[in-house]
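Residue numbers (this note's numbering), protein chains in the order written: chain A, 1 to 284; chain B, 1 to 284; chain C, 1 to 284; chain D, 1 to 284; chain E, 1 to 284; chain F, 1 to 284.
It is worth saying that the hints were derived from the structure and are not from the lab. All of these numbers come straight from a predicted model, not from anything done at the bench. All residues carry an ideal CB built from backbone N, CA and C; glycine is no exception. Worth double-checking, as some hints may not be accurate.
[Stated by the list, open to error] Over the 10 Å line for every Cβ pair with chain F, so calculated as not near, a few chain E residues:
#: 1; residue: Asn2
#: 2; residue: Tyr20
#: 3; residue: Tyr21
#: 4; residue: Phe80
#: 5; residue: Ile81
#: 6; residue: Asp88
#: 7; residue: Leu110
#: 8; residue: Lys133
#: 9; residue: Gln197
#: 10; residue: Ser217
#: 11; residue: Glu233
#: 12; residue: Gly238
#: 13; residue: Asp245
#: 14; residue: Arg264
[Said to hold, decoys possible] A few chain F residues facing chain A, derived, Cβ under 8 Å:
#: 15; residue: Ile48
#: 16; residue: Leu230
#: 17; residue: Pro266
#: 18; residue: Phe274
#: 19; residue: Gly278
[Unchecked claim] Below are the DSS-like pairs computed for lysine-lysine, each with C-alpha atoms no more than 27 Å apart in a straight line:
#: 20; chain 1: D; residue 1: Lys77; chain 2: C; residue 2: Lys77
#: 21; chain 1: C; residue 1: Lys76; chain 2: D; residue 2: Lys73
#: 22; chain 1: B; residue 1: Lys76; chain 2: A; residue 2: Lys77
#: 23; chain 1: B; residue 1: Lys117; chain 2: A; residue 2: Lys117
#: 24; chain 1: F; residue 1: Lys113; chain 2: E; residue 2: Lys73
#: 25; chain 1: D; residue 1: Lys195; chain 2: E; residue 2: Lys73
#: 26; chain 1: D; residue 1: Lys132; chain 2: C; residue 2: Lys117
#: 27; chain 1: A; residue 1: Lys38; chain 2: B; residue 2: Lys132
#: 28; chain 1: C; residue 1: Lys132; chain 2: D; residue 2: Lys38
#: 29; chain 1: A; residue 1: Lys177; chain 2: B; residue 2: Lys73
#: 30; chain 1: C; residue 1: Lys130; chain 2: C; residue 2: Lys195
#: 31; chain 1: A; residue 1: Lys133; chain 2: B; residue 2: Lys113
#: 32; chain 1: F; residue 1: Lys113; chain 2: F; residue 2: Lys23
#: 33; chain 1: B; residue 1: Lys23; chain 2: C; residue 2: Lys117
#: 34; chain 1: F; residue 1: Lys77; chain 2: E; residue 2: Lys77
#: 35; chain 1: B; residue 1: Lys177; chain 2: B; residue 2: Lys76
Residues per chain are reported as follows:
There are 6 protein chains.
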Amino acid sequence: MNHNERAEVLIDALPYIQRYYGKTIVVKYGGNAMISDKLRETVINDIILMKCVGINPVVVHGGGPDISDFLNKLNKKSEFINGLRYTDEDTMDIVQMVLGGKVNKNLVSLIEKFGGKAIGLCGIDGCLLKAKKLKSDIDLGYVGEITAVDTNILNTTLSAGYIPVVGSIALGEEDNKSYNINADICASKIAAALKAQKLILLTDVPGVLMDPSDSDSLLSVLRLHQIPKLSLEGVIKGGMIPKVDCCVEAIRMGVENATILDGRIPHSILLELFSHEGIGTMIY
Amino acid sequence: MNHNERAEVLIDALPYIQRYYGKTIVVKYGGNAMISDKLRETVINDIILMKCVGINPVVVHGGGPDISDFLNKLNKKSEFINGLRYTDEDTMDIVQMVLGGKVNKNLVSLIEKFGGKAIGLCGIDGCLLKAKKLKSDIDLGYVGEITAVDTNILNTTLSAGYIPVVGSIALGEEDNKSYNINADICASKIAAALKAQKLILLTDVPGVLMDPSDSDSLLSVLRLHQIPKLSLEGVIKGGMIPKVDCCVEAIRMGVENATILDGRIPHSILLELFSHEGIGTMIY
Amino acid sequence: MNHNERAEVLIDALPYIQRYYGKTIVVKYGGNAMISDKLRETVINDIILMKCVGINPVVVHGGGPDISDFLNKLNKKSEFINGLRYTDEDTMDIVQMVLGGKVNKNLVSLIEKFGGKAIGLCGIDGCLLKAKKLKSDIDLGYVGEITAVDTNILNTTLSAGYIPVVGSIALGEEDNKSYNINADICASKIAAALKAQKLILLTDVPGVLMDPSDSDSLLSVLRLHQIPKLSLEGVIKGGMIPKVDCCVEAIRMGVENATILDGRIPHSILLELFSHEGIGTMIY
Amino acid sequence: MNHNERAEVLIDALPYIQRYYGKTIVVKYGGNAMISDKLRETVINDIILMKCVGINPVVVHGGGPDISDFLNKLNKKSEFINGLRYTDEDTMDIVQMVLGGKVNKNLVSLIEKFGGKAIGLCGIDGCLLKAKKLKSDIDLGYVGEITAVDTNILNTTLSAGYIPVVGSIALGEEDNKSYNINADICASKIAAALKAQKLILLTDVPGVLMDPSDSDSLLSVLRLHQIPKLSLEGVIKGGMIPKVDCCVEAIRMGVENATILDGRIPHSILLELFSHEGIGTMIY
Amino acid sequence: MNHNERAEVLIDALPYIQRYYGKTIVVKYGGNAMISDKLRETVINDIILMKCVGINPVVVHGGGPDISDFLNKLNKKSEFINGLRYTDEDTMDIVQMVLGGKVNKNLVSLIEKFGGKAIGLCGIDGCLLKAKKLKSDIDLGYVGEITAVDTNILNTTLSAGYIPVVGSIALGEEDNKSYNINADICASKIAAALKAQKLILLTDVPGVLMDPSDSDSLLSVLRLHQIPKLSLEGVIKGGMIPKVDCCVEAIRMGVENATILDGRIPHSILLELFSHEGIGTMIY
Amino acid sequence: MNHNERAEVLIDALPYIQRYYGKTIVVKYGGNAMISDKLRETVINDIILMKCVGINPVVVHGGGPDISDFLNKLNKKSEFINGLRYTDEDTMDIVQMVLGGKVNKNLVSLIEKFGGKAIGLCGIDGCLLKAKKLKSDIDLGYVGEITAVDTNILNTTLSAGYIPVVGSIALGEEDNKSYNINADICASKIAAALKAQKLILLTDVPGVLMDPSDSDSLLSVLRLHQIPKLSLEGVIKGGMIPKVDCCVEAIRMGVENATILDGRIPHSILLELFSHEGIGTMIY
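Work out the full structure: start from the sequences and follow the hints.
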């Protein structure tokens, strides 16, 4: 690439940098982008760049595969009910150790390796996330739903220049037990509580496709009012339903817009934020 | 107890509260005080009370027994060399999960249960503790020695009203790997870096005893210059030697004084801080 | 008292310390608690302890007996009309000297003796209290009623870490003369203007008693709506009426609650604030 | 006076206003300027104007005549030893009441009458002035010499926009008793502790005169090095000696300059500060 | 003038200084007061004095005569349509150079010569003034009307202690071209946006006269409701109409009052602000 | 360019963005980069991007060609002595109008057009640059050398988020006249006073060339100690000498490094700051 082209790219990014300056963007980090070493590095670098150009990124992560791995080592079977992990007390212990001790701290470590400053938190810290037992026909154990978000520790660490990295665990508001929470929902609730500019959900699909077999049929932009129709028509279906729901919920609570983004594309966050077309499905 | 007596105790505490107001006290929390549910609650309550009366407490913890337990579950044997756990890469993973994900977050959770506000950190967060591989004749794996302390995240969270709780893990300054660090040493280094007023090491002994079989022979006060003689005479010996060393090191780096305290006595921290006699061995 | 008991008292106080942290409490200081040297010291120590545990105490005082003493020395008779001192210009001069120069500065001096930091003020300073002549059938001279409270000097000194001590004199809004004000009313008006958490009136009785001859008949808690009935029944009578009125007035203007407290009991303020039962009559 | 002349005076004052902007000036207020109603008003207005044009004035006062008057009323004789009032415990009580309760608060009241905001303090408040018993061949009772000045309460009230008015009483550093202090010395010590720009001593003479019988022989300017010679020659003599000493002491401790000013001339402070010639004797 | 008289003037100014303390006053500076060297100095000194006594002055200026002079040098004729200069692109260039480069910087220079601190701005700086082309039957070129005022740069420089001096040019909100704006209107819009206490328009007439041939017929005070009648009667006429309109507009947008002042009288601003009668026509 | 390449450029810039975060960079803007409309836009966009990524850019400019043009219009000949414009009083007037009123405000306008916030200043504003007449064998009129830099107005506007744009005029410290200053020297002195990280001089050559006829012979890096030898050898010669001198002077006064950069290359600032090789000659 020659000089002119390099400069062009930086200057093309300028209006987007101006638009996002000082804004908060919550990134739900998961899927292949968290498993592949190479992709992990590109995501981390994207997040550091966001911070450098004046954006306040907040990273939210789960860690399903790591949890399952670890349960395997302990000869404990992972059991799922309607897509949610059945979480007895012993399993919750493992969830907390894997999310809070392994995945979380490793992400912090990686950010610092590339010159960023990060703080690893989970919903227990500073009472960030309070929860109660999720209502469900079949008992799911310590699977919770969020009842309150106290963003104080996020604001404190953001304004001190850190990138907060949050594992998806919450504190039981009545029993002070730890609860396992869906990471997409954590991200959505945190974005809403922070009145974030944007929620980004990193996934393993290109976004919402009109025709799932054709990646060129990506819907770049989706308005709230189009969603019911597309759901009825089956365009939004399967695993995409709860993701779209998370986006809708966040927007209804004051987030400007939300994007479902393909985490398998290197630097997909940068490309989404700092170029004209964007590359995922943006809902607003 | 009647009214007069209750009031007397509060008023007796007044000059000590005035003395410690706005000062930082680092508490190394370990031993039985961390294992027994009952003692754990009294320690946590003591720490919250410290915060309430204007002291800035910082809690540092290890978690040896929990680590060993967990390695057992995985059929991995704990191996110790000169009192230090041999820590290969897999073991380090477990150490990080247990300290950072289990012990640390459970302490935070407990503080919040009793009305305090806490943040769980380890040395990786905000580059709080940097380390390199500990020099040793026999290879110890990922056992490290601290090379730098960045207190910024502690100051940020303290001034935002939180009690920081720190697990004894550090970030390799060259390899960005996690290192296992002795928790007493973590506490000592952090106290020094914060120019703390006091370092408290909670242990399972009454303090330094002239005659180990007689708990009435406790040395309440120990001056730096007395230590070499007492070491030669064998009064300071065994597991007490590294603890005294930690205290001496902290004082040499600017901490006002350090106390080795019996964590088995309920509310030993309160009794030490807020009554005339104190109950451990204070070194200054 | 043994170690355990001492620790217990401190820990029992913890939830109350947490509740009052950062709150403002106005204490009307008078009666025997101001005359007896011994009681004076216990009150002063209670107030310093309040400050130490993060409460913002404001002390308001009168000084009737000292004024009468001094008038006696000058062979001037104290004259009371409906319980209010007839205050001609000469008498007002004496009132101002005794309250502002003697009682006030001696309290400040005593607080400093025990390690607190205090500032002695009267309503003239910083236009804290403005007044006009009290309307009355019989002329009372320079007896005033408060027309405005400017809390700026209280906020300034509180946030600089001082305990303000206020003598019950106000500045005539029209004539710039000094006016003699009832100290209970001063305390009530100041508490209201500061939106204080609590008003405490120290008196020489145990509180509101159902049967005045039986100190066990103390009403620990009194709700606003119960007061008219108890007044009609004569349970609230005599000198208790204006005290209850002060409390009611303060609560109506935004103070959370008000307590009539027996200043003859040593450390009655501490016992009221930091123990479960409390010992006076709390109105809310 | 016509328009042009009025404007001329204001504009002539401009360079002086610029010079003193943000500077602290300590005014010792005493003598006829404090007794005559008319002069009192002009002094008070001068001080308010100082505040308005960005100067930080601090007023220090004694009150000898008022004290003597009041002792007379109590049939107590004023006794002076080497120009200092013998001050037994009873007398000290009266001194404190008259200075702290009467003179001080009346000055505050007067400042507020003319639109200023003032706070009345004495050396006891905020431990502003600490003292010990003045060494003397003949016992003088509670006459003290200043051992420490804590300017915190002055800085707090100045920066909150108030004019501090300070009565010349100090707190015994060992016995916590009140001590009677010479007001010129109070002003000098406070000016030094505040690193004031200027100390002004209001007196009943025109300044230092070469020929005491000829007011045209006023020395407008006096340099430190000239003073010993003028003392030997008897030009500085009698009551002028301690005043000049106060000025010299203040300058040695860091005050820029000090002026002995005739308080009998209306608005002498304004004329000294805001016109070319000045009207007193300035020492530097 | 003797001492007493000098002091009298300063003291007479005191209540006015108190009234204006911390308030913002916008001065439209023009006419003879800007052309005569002597008058220019008196205006500048008045403005510095305002700053010294705690007022926040903002100076707004045009520069018609200088522009015409310069156009002459370039053999370009000044052309006026309904009192507004026809401003083609070349002329606008000259306007910008003369106002922004010459008149503006020379005023700043003069303020600094007399000890003030000033910053020279025009409406382009910090997007202070946005404009669009003035609607008009006959094309006026780059003559604009103000569409938005961003006072941020004024507040920034005022609170840093500077006197902002603003040339009457604005930035085209659509074309980013420079626009020539009437300076009276600039001053009025800026005063409104700053919620100023007062707008002062310096002119070459004494104010609004009942009888234009008799300067004693000056209307010192004019209420908004009187204006329509006086306009109908022809008392307000000619060049006075737009000036009165500016005042009315400013008051309607929140400015307390506005004064049309004779800039030919030396120190007319001081006399207006700091003496009882004032000397212009005040509208409120 | 494809997605990957775009992302690559942004990520390549990351370490440079991290390095310059919060640092001040002074850009001397001149030559073709200021004359060509196209280049002007690229420079302005580079500067805005600098601000967006957390750098504090300060722009310093002259305007020789515009000045000559304007003098031509007035039939005034530009006269140069040793490369410096002879500046009589009339010429200085024109210099001030062109630099302060035309070039400066047009740059501000352009920055705002592309979404930045700028403030146009010259050395007169806030006494930013003080000067005296440049000593010279032949009289140069109002050509000055800088004697003092007051960076207060730069710090004020930088911290309020503005990009300061400074025209190269200074205020005579003795005569309060305006002085014409070389813009390279202005930039160097301002960089030194701000303790800037970097000084960039935009010129019309590629940098220091070993062989002036071969642009591949560019010296990318030049250490201070190499300069004398290269001067002797004639590698640094002609117009390059004063530019190198400016850089050396700035570095000696505390600027980290200085770069002579080819302003004819579009986005040369971006390429220099945010890519590995850089494109000019950096001196340190």
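Item to complete: Output the numbers, in ascending order, of every earlier hint that fails for this structure.
Response: Violated hints: 7, 16, 19, 24, 25; rest satisfied.
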